[in-house]
Amino acid sequence: MSEELHEIRLRVNGAEHTATVPARRLLSDCLRQDLGLTGTHVGCEHGVCGACTVRVDGRPTRSCLMFAVSAQGHEITTVEGLAEPDGTLHPVQRAFRECHGLQCGFCTPGFLTVVSAYLEDNPDPTEEEAREAVGGNLCRCTGYQNIVKAVLRAAEIRREEAAAAPGGERAAGAGERR
Amino acid sequence: MEFLSPATWEEALAAKSERPDAVPIMGGTDVMVEINFDRRRPPALIDLTRVPGLREWRADGDGVRLGAGVPYTGIVDALGGAAPALAAAARSVASPQIRNRGSVGGNLGGASPAGDAHPPLLATDAVVELASVGGVRRVPAREFYLGPRRTARRDDELIAAVLLPAPAGPQRFAKVGTRNAMVIAVVSFALALDARSRTVGTGIGSAGPTPLRAPGAEEFAAAEFDWEGGAPLPESAVHRFGELVAAAARPIDDVRGSAGYRRHALAVLARRALARAAADYREGGARCA
Chain A
0 MSEELHEIRL
10 RVNGAEHTAT
20 VPARRLLSDC
30 LRQDLGLTGT
40 HVGCEHGVCG
50 ACTVRVDGRP
60 TRSCLMFAVS
70 AQGHEITTVE
80 GLAEPDGTLH
90 PVQRAFRECH
100 GLQCGFCTPG
110 FLTVVSAYLE
120 DNPDPTEEEA
130 REAVGGNLCR
140 CTGYQNIVKA
150 VLRAAEIRRE
160 EAAAAPGGER
170 AAGAGERR
Chain B
0 MEFLSPATWE
10 EALAAKSERP
20 DAVPIMGGTD
30 VMVEINFDRR
40 RPPALIDLTR
50 VPGLREWRAD
60 GDGVRLGAGV
70 PYTGIVDALG
80 GAAPALAAAA
90 RSVASPQIRN
100 RGSVGGNLGG
110 ASPAGDAHPP
120 LLATDAVVEL
130 ASVGGVRRVP
140 AREFYLGPRR
150 TARRDDELIA
160 AVLLPAPAGP
170 QRFAKVGTRN
180 AMVIAVVSFA
190 LALDARSRTV
200 GTGIGSAGPT
210 PLRAPGAEEF
220 AAAEFDWEGG
230 APLPESAVHR
240 FGELVAAAAR
250 PIDDVRGSAG
260 YRRHALAVLA
270 RRALARAAAD
280 YREGGARCA
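First to last, the sequence lines map onto chains A and B. In terms of numbering that gives the first Met the number 0, the first sequence opens at residue 0 and continues consecutively. In terms of numbering that gives the first Met the number 0, the second sequence opens at residue 0 and continues consecutively.
Simulated from the structure, these hints should not be mistaken for laboratory data. One should not assume that every hint holds.
[Unchecked claim] Incomplete in silico selection of chain B near chain A, CB under 7 angstroms:
| id | residue |
| --- | --- |
| 1 | Gly-27 |
| 2 | Val-32 |
| 3 | Pro-42 |
| 4 | Asp-46 |
| 5 | Ser-94 |
| 6 | Pro-95 |
| 7 | Asn-99 |
| 8 | Arg-100 |
| 9 | Thr-177 |
| 10 | Asn-179 |
[To be verified] Simulated restraints, written as ranges between beta carbons of each label pair:
| id | chain 1 | residue 1 | chain 2 | residue 2 | range |
| --- | --- | --- | --- | --- | --- |
| 11 | A | Ala-14 | B | Glu-55 | 24 to 32 angstroms |
| 12 | A | Arg-10 | B | Arg-178 | 41 to 49 angstroms |
| 13 | B | Arg-197 | A | Arg-93 | 52 to 60 angstroms |
| 14 | A | Arg-93 | B | Pro-214 | 55 to 63 angstroms |
| 15 | A | Cys-43 | B | Tyr-260 | 24 to 32 angstroms |
| 16 | B | Gly-133 | A | Arg-8 | 51 to 59 angstroms |
[Unchecked claim] Now the stretches of chain A that chain B is said to cover, found in silico as 3 or more residues with beta-carbon under 8 angstroms:
| id | region |
| --- | --- |
| 17 | 5-14 |
| 18 | 128-134 |
| 19 | 155-166 |
Quick caveat, the model's predicted, so the values are computed rather than measured. Note that the Cβ used here is the ideal one computed from N, Cα and C, for glycine as well.
Excised from the complex, chain A in its bound form (with noise of 0.2 angstroms):
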């Protein structure tokens, strides 16, 4: 007996895509397999490492914990999704690329992920609160110390890149958050 499979649009990093999955495919498999995005990582596959990490209208989320006919209707942003149309890198990205904030980069996309959101609603962590923001990804390389100061440096470039921008400091975060 064959499996029931269905026809699915997904709307990821702004772009319309279609896929024809069955029920229980998970967001990260589809968005792999079906959609060649590959940037987004999976490592346990349960839910705790944290590498699968994509943003479901803007709120970082487990791919691996959700199914790809559950994520019609919603905005997906995969690591892909991050840098500029020109390649400019993110400033989370460029800052991780400063610190050493990767090594395998098997974590990566889902670090990337989590403290691209997390830093429009803090722009202005303290090391504390950059710790517990990444407290749900886990890395097996770095110690997770270059990973903080990652953080925080993504924190400061943004700010500078505000500041820089016409309208000043007011325009970090406007926009952004939802």
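Add chain B to chain A, keeping to what the hints say.
Structure of chain B alone, referenced to chain A:
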């Protein structure tokens, strides 16, 4: 696996009535883990994420009617004043990603004794609103948990909301885990002082086959507490309260901790909660009394 995706609450209730074996799914933070590990293969799932209203909360009399699907993040953001113990528990749930998806309805549906929402619901005498095609019934949280992962919910019912009474005094929540994020509680404890009825409510998590209350400890604290002035309780009374809470627990040895450790830790959490709540009571005395 059949996947039902009702667009309205009425459709959801009809689906649950026709397929009582269907498992409701909201944030997926429990149900999906079981499916991914192949611990459970539900014949059907009812996806409730499209049902309007489940993610909303509103004032209800003096208290709050919390939609079963309001994510913990929403409780943290909005209900720190209206439901302090529950909001404190919500802050401690898992990780940001899980708090964005998980909900009190899911905790109640799964009914794991380790669910962080249960102790505050017990301590504050919250009420669970269950619905079926036959109508709505309201079951106090204190009568909801029947056995290991067994509750008063019938197979044809869905959890619609939780009714949270307005706080009438300080509330506290504390838990012990091996780290701050992403661990299942080793033990947890909630306490609510109610200055109107001069009663004390308790809730114990992760230390028995179900979430539990400590009725002996509640009566003891209510009798000992200085409801007029909130004077600090004698050390001996605080200690006795901890003993009574620990005695009400029915813990087991498991991978997260031994029964002996759990009783010990519960007594510590209970003593701290009572002492701090008493201090809160004195500080807020002018407002609460």
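* Asked: So which of the earlier hints does this model not fit?
  -> Those not satisfied are hints 3, 9, 12, 16, 17, 19.
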